[in-house]
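Novice: Produce the complete structure using the sequences and hints provided.
Below are the chains, spelled out letter by letter.
There are 2 protein chains.
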Amino acid sequence: MVDVVIVGTVGLDNIKTPFGSVTDALGGSATHASFAASFFSKTGIISVVGEDFKLAHEFDARNISTKGLQMAKGRTFRWSGYYEYDMHHAHTMETQLNVLESFSPKLPEDYRHVKNLFLANIDPELQLDVLEQMKPRLTLADTMNFWIEKRREQLIEVIKRVDIFLLNDGEARELMNTTNIVAAGRKLLELGPQAVIIKKGEHGALLLTDSKIFSLPGYPLEIVRDPTGAGDSFAGATIGYLSNNDSDEDIIRKAMVYGSAVASFNVEDFGVNKLKRITMNDIEARFKEFEAMVKF
Amino acid sequence: MVDVVIVGTVGLDNIKTPFGSVTDALGGSATHASFAASFFSKTGIISVVGEDFKLAHEFDARNISTKGLQMAKGRTFRWSGYYEYDMHHAHTMETQLNVLESFSPKLPEDYRHVKNLFLANIDPELQLDVLEQMKPRLTLADTMNFWIEKRREQLIEVIKRVDIFLLNDGEARELMNTTNIVAAGRKLLELGPQAVIIKKGEHGALLLTDSKIFSLPGYPLEIVRDPTGAGDSFAGATIGYLSNNDSDEDIIRKAMVYGSAVASFNVEDFGVNKLKRITMNDIEARFKEFEAMVKF
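Which chain is which? The protein sequence lines are A and B, in order.
Just so you know, we're using the working numbering here: the first sequence kicks off at 4 and counts up by one.
Just so you know, we're using the working numbering here: the second sequence kicks off at 4 and counts up by one.
Incorrect hints may appear among the rest.
Note that the list lumps identical chains together, so a pair holds whenever it fits in one copy or between two copies.
Okay, derived cross-link-like pairs now, BS3-like style, lysine-lysine, Cα gap no bigger than 25 Å in a straight line [stated by the list, open to error]:
# : residue 1 : residue 2
1 : 138       : 163
2 : 57        : 118
3 : 298       : 215
4 : 257       : 298
5 : 257       : 19
6 : 257       : 118
7 : 57        : 45
8 : 215       : 291
Since the hints were derived computationally from the structure, they do not count as laboratory data.
Specialist: Below, the structure is given as structure tokens:
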């Protein structure tokens, strides 16, 4: 039985960074998020791939259900990008939507009452479509600047209907039209979510609720090989941890620390390579490092 | 009897931000730092002003000793700058060194064995000059990119001779020639200091010692009116707190939280206007907010 359902993209990535490159590597928001969530909960993905997709066994190896992974005629979604030395900004060389262009999520019957849902970065139309099909206990949703510009109205509708909304600092500023991320977070809360998480890349993340702010610094990594999927793995581990717990503010804080711990591993190697190699013990050790790092 | 000596600039600032402007406002690194330190310890400044300087009473009002403030022929150091909405970067319109050009620090006799010394941002030649004249129990030093470029050799000599070295993230990368601030911090530690503090502006600060990393997030302010002197007030409060305590790693962590608390007030109004209005109770309340903000 699946406890966490993740809707997002599954794709093949070509990535180049100052530390190397990969071709046709398993990627996409649902991939990074489900790999991360799978350390905490039985996870299933909702996505689509093309006939050229040969990597379903990588999900099996992490015990991630692909029952909701449709196979469509045509080629799998592909993204090519590179990073400069600063690693903050992904430069997209090419995005081929391919089978994603006509994707219509269909939920397996037994996913309709799953505990936790993560609407990873994908067209807000599709996020709303999934929300119509299920009644999860808790929903987390992410987005990106592309949808803020192209699907603003639908995105606002998503925000109104989820429990926790997640986005990065630049997106929060753009969406709420203010330079201050705390002000942006407050405005987002007014739309309805119980909590707003603002990701700040290497600088960590903020959690805003009605009455409190939690600020978690980033894990001070000396080597970042490939930042792709950092935000997705952060969110995946967060929703995975929350599926075993309530969603009080103090529990969301702990979930974010697990999210940051998993994301810090995610960026230490290309694609999901590092997440394939670590264990829950590694994640617990990094959680303890966070505790030691922020104590005063 | 003075417990903390601060060497740096005292100047008159013209500052413009999206929230207003000030003309001939009391500024400079020694000013912001000594105002901040004065909440914790009896503080004295070493600096120089010109015959046009009429603001010594502002130091008196905070019980800051101006015994080491020389009055020289000519005009006081002046800085004019502005900030755009993002507030991260100060745009300098004009810097008039004036009496600073021929400044030679002369320590009052009873400053030579003062407990704590802060070498605020000033020519490293002058920082070394002061180190020759006194033997403090603990020395903290700051710098800026200008000196990294113009006085690299002398700056390295300063770093070798101080207990705690402080600089911002961009400066750390530039000085140690690496894009990663943790790697930069490790290299700085190899030069000799017991601790290195890397300021990250609104993103907080890192403390690196031989075996540990402390990461303190920034205080999530909704309104920043004037960022000028944020780093100086951070350092001033830090050295002020340390003068009453040992300098173990866990004490430096607490000192940095007090530093961040005072710096967060400093930027809420122009110049040192806000620091003139707050009390130790306000600072303690913000310290507690930091505790609540990072707990998980």
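Novice: Taking the hints in turn, state whether each one holds.
Specialist: Hints, verified against the model:
1. 138 <-> 163: For residue 138 and residue 163, only the intra-copy Cα distance (15 Å) is at most 25 Å; the inter-copy one is 62 Å.
2. 57 <-> 118: neither (30 Å within a copy, 68 Å between copies)
3. 298 <-> 215: Result: close both inside a copy and across copies, 19 Å intra and 12 Å inter.
4. 257 <-> 298: both (15 Å within a copy, 9 Å between copies)
5. 257 <-> 19: neither (33 Å within a copy, 41 Å between copies)
6. 257 <-> 118: Within one copy only: 19 Å inside, 41 Å across.
7. 57 <-> 45: within (22 Å within a copy, 71 Å between copies)
8. 215 <-> 291: both (23 Å within a copy, 13 Å between copies)
Violated hints, listed in ascending order, are 2 and 5; each of the other numbered hints is respected by the structure.
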